[in-house]
Amino acid sequence: MNIDTPGDTIILGTKGGLRIPSTDCWNGSVGGPMKIYHEVCGLQTETVVPIINDHGPSLFDRKIRSFLDACKNGTPAPVPSSQIIYNQAILDGIAKSAKVGREVEIVIPEI
Amino acid sequence: MKQDRSLDAYKSIQEEKKTPRADRKLRIGFIGTGGIAHAHIRAYLHMPDVEIVAGCDIVPGRAAAFFKEFGLEGVRCDYKDHTEMLADPSLALDAVSICTYNRQHAPCAIAALKAGLHVLLEKPFTVTLDEAIEVMRAEKESGKILSIGFQPRFDENMKMIRKIVQSGELGKVYYVQTGGGRRRGIPANPAKTSFIEDETAGVGALGDIGCYSLDLVLHALGDPKPLTVSGYVSNYFGKDPGYVAYRGHGELADKFGVDDFGAGFIRLEGDVMLDFRISWAMNMDTPGDTIILGTKGGLRIPSTDCWNGTVGGPMKIYHEVDGQQTETVVPIINQPVNLWDAKIRSFLDAIIEGGSSPVPSTQIIYNQAIIDGIVRSATIGKEIEIEIPEI
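Chains A and B supply the protein sequences, listed in that same order.
Residue 92 in the working numbering is what sits at position 92 of the first sequence, and the numbering runs on without skipping anything.
If you count the second sequence from 1, you need to add 111 to reach the working numbering.
Hints are computed from structural coordinates only; laboratory data are not their basis.
Keep in mind that the hints are not guaranteed to be accurate.
[What the hints assert, rightly or not] Derived pair list, reagent style EDC-like, types lysine to aspartate or glutamate, alpha-carbon separation capped at 16 Å:
| hint | chain 1 | residue 1 | chain 2 | residue 2 |
| --- | --- | --- | --- | --- |
| 1 | B | 407 | B | 280 |
| 2 | B | 225 | B | 266 |
| 3 | A | 99 | B | 396 |
| 4 | B | 493 | A | 4 |
| 5 | B | 270 | B | 195 |
| 6 | B | 493 | A | 105 |
| 7 | B | 407 | A | 103 |
| 8 | B | 350 | B | 308 |
| 9 | B | 255 | B | 460 |
| 10 | B | 366 | B | 310 |
| 11 | B | 274 | B | 334 |
| 12 | A | 96 | B | 310 |
| 13 | B | 255 | B | 245 |
| 14 | B | 136 | B | 464 |
| 15 | A | 15 | B | 396 |
| 16 | A | 15 | B | 195 |
Just chain A, same shape as in the assembly:
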């Protein structure tokens, strides 16, 4: 695209808003320290959420380890399809909607 970034991720709530500095594809960590915009004693202020520097195993090592542990221990999938199906439904929906030029309803059957 002909722009640097389409914007930070922002999550607006009734008590606070969260700004998450943008990264290009969000495939790792956040783009910088986050900020919570909220009201404290009648004044509008921001609280910085410090970056957590953790010196543990890499994200990929953790991903593989969590999978192996679930297999070994018979525990549920660490990143289950029952959650990711909604992600897929949105992507699928965008493609379908773009094709017909109208909004589409998402229908996920009982599995």
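Following the hints, put chain B in place on chain A, whose structure we already have.
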């Protein structure tokens, strides 16, 4: 010294706009003499070919106090409403400025057009799309000029946005993100509730400030027709008696009957997607800059809270030059133009010259259709198709 003639082409040429003068003064009336009427009257008073003849307000005594504030005690203002004023033949008005609350925009504009007057109507155009269509029908039948608010149209930086898009510098535009809003900016206090009550306002942040950024991008794109809208509205802040700016007047939350936040995903004719959001109150500083993405370039326009004047800072074009990604800064144009004078002057000139409306309903109808569409879509929780009949 030898003169380099080629440099003459780069001399800044002062545009000498010959302001046409009417052979007589134009007779102007006011319908509604509240807040925004002050901006209108100041501009009219800068014009040598205008006489402010009459005014009316449904709040008893307000019109008289308004004209007294500007030293215009002779202005006729003993009317209980616009119907009475428009029925007075002795006024021989040419035009009116309509500065009422939103729900009175359509009835007053229709009445004034039917009475054979030119109309300068404040934004938002109307509350609903249906009302806007009725006003346009009255406009067509009357043959008079209807111009609608939107003083940013006269700002050189805002005009530059349209120039950039229309020049092809960005290539084919396919995606636009705009809007803005305030963190704690609901326009209400115990003495002023006309902006927040459903009875008077009909629509909230969407109509009060949302229309400005919609106009910015729609006009830059050449006023494309909106096709579908998927919308959302909410009023969490307006309905909260503890909202800090109510200063303890919790009853304002009871009166709050419009949106304080609106968002929409809009398909525009010409295969353009518009992503829009506006707020009177939110827990955020800004929802982002306005960005216009095209195949050859992208334009970033630094955000302002409501876009009712000029841009928030120098714009940037992101593009590729010789295979490198780079940005070209668009310098801020500093101009001595007073946007309100320009707005009023354009209306007067159109009347004098018998020209077309400077900010025509045929363009603003699309703006209104989007606002109306967001509200209707939000109500049913589904996308709606925009239908605008032949007028």
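Report the numbers of all earlier hints that the structure fails to satisfy, in ascending order. Checked against the structure, the hints that fail are numbers 2, 3, 4, 5, 7, 12 and 16, while the rest are satisfied.
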